[in-house]
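Both chains come to you apart, so use the hints to assemble them.
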Amino acid sequence: MKLPYRKSQTKWTYIFRNNTWGFWMLLPSIVGVAVFHVIPMAEMFKRSFANNTTKAFAGFQNYISVIGNPSFQLAVKNTILFLGTCIPVLLFFSLLAAYFVSKKKDDIRKTVMLIPMAIPVASIVLVWKLMFSRYGLLDKLTGGFAGGVDFLNSKWAFGVLVITYVWRNIGYDVILWAAAFNSIDRCIYEAADMDGADRFMQFRYITWPCILPYGSVIVILSLLNAFKAFREVYLIAGEYPDQSIYLIQHLFNHWLADLKLEHLCAAAVLVMIVVSLSALLFQKALDKGVYS
Amino acid sequence: MRRKNGLAFVGTLLLVWFMLEPIFIVVVCSFMKGEEIRISFGGVLQGSTGYASVPILPYYFSAGNFKELLLRTFEFFVMFWNSVGQVICIVVGQIVIGVPAAWAFAKWKVKWIDYLFGLYIILMLIPFQVLMVPEYLTLYHLNMVDTHFSIILPGVFAAFPVFIMTRFLKAVPDELLEAARLDGAAEACIFFQVGLPLGKQGIGAAVILSFIEYWNAIEAPMTFLQQRSKWPVSLYLPNITKENAGIALAASVIILIPTLLIFVLGHDLMEEGIANTGLKG
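Top line first, the protein sequences correspond to chains A and B. Quick note: the first sequence uses the working numbering, first residue 16, plus one each step. Quick note: the second sequence uses the working numbering, first residue 1406, plus one each step.
The set of hints was computed from the structure by calculation and includes no laboratory data. Treat the hints with caution; some may be incorrect.
Computed cross-link-like contacts, DSS-like style, restricted to lysine-lysine with a CA-CA straight-line distance of at most 30 Å [stated by the list, open to error]:
(1) A:K299 <-> B:K1514
(2) A:K92 <-> A:K144
(3) B:K1635 <-> A:K275
(4) A:K120 <-> B:K1438
(5) B:K1514 <-> A:K144
(6) A:K144 <-> B:K1635
(7) B:K1438 <-> A:K125
(8) A:K170 <-> A:K92
(9) A:K170 <-> A:K144
(10) B:K1514 <-> B:K1472
So here's chain B without its partners, still in its complex pose (with noise of 0.2 Å):
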């Protein structure tokens, strides 16, 4: 039995290790210094040679590529709260839009619904480069290509939270809902009082998953938006040589920050989120 548990320690060390490896690394080359980070990267640097070798721990902790990145490169600073806006601006339209039709989805009863949920449903696995060219054509036509706009309302109207947040409030009993009619409450009233409450769980859910993927954009802001300075900081990508290689370690670290609190903060709402998109009505 002992033996069997060491067994499944040493699985679960290389497990962790595997998942979280990149991690520690960026994190680590990040507190380097110029000198430490060209002999650790070696000849994966322009200009460098040598093997690369990581240490466990840096030889001199500095804070100094950070201090760089957020006092000099005002091109990163602008970046990032691109994507804070775009990613609030996405979430908050998600749920206000969203919900009220969720709800609708779940819980009224006409016969065509069923369809239209079914192409909610094909929208939702359709692959953005497939609508990638229609869709900037709208956004040309709307005048909206190259501003905010044109990341913030295909997103806003993304499919998928209101699936995920369909699926949870179908949870909610039916019965609940009569008794409420029963009672003389209007159906906003019902929404509000009984609907919201009892899906909190399944927006939180939403919520989570939409920050995650709109933190992450690429192809979306790729294609509709030219100016740099209009960027997410998900495609902040300077080329790495010698000189900035610090920043740019820096840079990966910070832009990790936000969606790792997330993730701590609700991983376990992320967990039900994932698990209802399979099973349960």
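The following block holds chain A by itself, in its conformation from the complex (with noise of 0.2 Å):
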């Protein structure tokens, strides 16, 4: 676009005066982003290279010391582990769900699957405890084979987490493959339909193919809400958890707890890097979704 300025004024002079009314409105919010989030963020990296008492400039050496801490390896281990259980198992669920769910438009079931979402934890610790410890409810059902478990404190407590991880976020999910699914126009049904392709091939030829550049969208926001599961964990099993269940969240908490904010640092970066990857991935998504 050519833009109408005089000869007396430059290009950006002509922007700054005619076309500057965003730029007012964005203000407040950079401001304070950037005071809160964006020079912390700053911050950060600068603390993690430097050296835990002396402050000094220390290269790499927090991150060679937080990748051989044991509590670190194990911590990142279960994160992954936690990530790489629920994350397909709610996808599989959630799909299986919108495909029974999206074909009316307002499906009462649909709304009952997001309620989780809206309950806080601090409502539901009681029952959780009420069901998974030790004389709990599961016990009680599985007494004769397992004989006395506490679901809570024991490796168990993994299967359990994985379990309010699909419960809490199944109806978040369940909504974007719906939106997905009705983003696909109804003829192309109707066309295979004459064609006498079953259900099947229906799903597989076009739904398939049409829902998949939504897929890592819908991957990358279930990520992020995995983040979210150590509220549970912390209401429900406190500060030192099982084992099984000892994630990044906990190992920082210790950490700021101990004072140790240049390994700190050095960790949140790493874990930073590894999400703003997929944030990035994210991003490329959404571009597709949008015009595909």
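This is how it looks when you write it as structure tokens:
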């Protein structure tokens, strides 16, 4: 676009005289975001390279000792195991549910599945204890063959965590999948019917390719929500849970309590790099979703 | 066909049971008297024995737990109003600051704005724990640790509501804005007369999602607030013993009421907001 600025003005003065409204609208948000999120982030990078006691530049020392730390390894292993288990499980069940639910425009079941997302963790802590503790409801059910298990403080805690995550997030993902289903033109199915394609073929050759571009967006949003599963873990199992559900977040909390700030910053940078890469993917996937 | 319908009905019932069972249990138990709670919870409570067994309805309905919680436990009262105050401040702040920003992101055509929006998306995706320490240090420098501001201000400048609202505002047709400009409307006027009315839905969706998120805030208050008297109600968790289980159950129900109310009123907007996170430009 060619701007109609006079010769006495440069392009930039023209833009700032006549097209500044957006800038003033953005300004409060940018300043706040910078102060409370971006500057701290920069500080984090700086600190991750500093020595713990002398604060002098220490190169990659912190990173090396963080990666070698057994607690860090345990936390990373558990977190990856948790994400690797719960996200495929969630995606499968939410896709299945969305397939049944998306046919009607306002299916009440969609709303029912969303309710757990609105329930505060504090409200269900007692119920979880009632269900999964020693002498709890599940222990009573399985009592015959498992014989007295505390599902919250044993290796089973991992399973409880996965169930909790799926229970809380399934509605969110069902809505995302349903939106993907609804973006497909009904005419294609009618044409397929005419050509004699059965249900499975329709899913395999029409639905699946059409919703696939949205899949990556849904994966990344599920990943984001998975980090919030810490809330349940904390309120149910406390600061020191069973080894199988010792997540990155527990480690960070303990290091903060011990004032190992530089280690913490180095570990945080590592996590952030992984998350930012996912974010890039997310944006790419979004663009695909828009134009396909 | 009839058999198929029956199957679907059973499936729906199972689904409802799976999703809502925790609410049923907590509501039913909160109306029990002390002795019945002890029997229902059994060995789950410290100092009791026997397996837990929850009846479908309590034998004796009693609102005694609620009465005791509201009249005798001052701490819960303080924390409840802390939560109300913090959440309202955060949501109002997000709207006042976020809506103009979202409008600029959606409709201000400058080249670098997409990169800035990319930064907001990254911020939105970063888990709280990653930025926990540097944010703590910043709040410390600003003398805000252990004050309500340490929860409110980072919340107000969260990236997520801006993102959601931008997605909605982008759907406002550009032609409408051009028409308004040709008629001589100032940009501020376009924002208030065109953007706000057409973006109402997006704002509503952001408010509901934010409310649910911050009513359930755990990580931030746990890290930034040391005094229990400033904690939000989401951290109200006494040790559950035989004596106070009834009060804890009543507290669980009361914590649940505001978000459930918001959910019932606004689940349509919420669904639309979530769907918009993934799709459409």
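These are the hints, each one checked on the structure:
{"no.": "1", "hint": "A:K299 <-> B:K1514", "result": "holds (20 Å)"}
{"no.": "2", "hint": "A:K92 <-> A:K144", "result": "holds (26 Å)"}
{"no.": "3", "hint": "B:K1635 <-> A:K275", "result": "holds (26 Å)"}
{"no.": "4", "hint": "A:K120 <-> B:K1438", "result": "violated (44 Å)"}
{"no.": "5", "hint": "B:K1514 <-> A:K144", "result": "violated (53 Å)"}
{"no.": "6", "hint": "A:K144 <-> B:K1635", "result": "holds (27 Å)"}
{"no.": "7", "hint": "B:K1438 <-> A:K125", "result": "violated (35 Å)"}
{"no.": "8", "hint": "A:K170 <-> A:K92", "result": "holds (15 Å)"}
{"no.": "9", "hint": "A:K170 <-> A:K144", "result": "holds (16 Å)"}
{"no.": "10", "hint": "B:K1514 <-> B:K1472", "result": "violated (58 Å)"}
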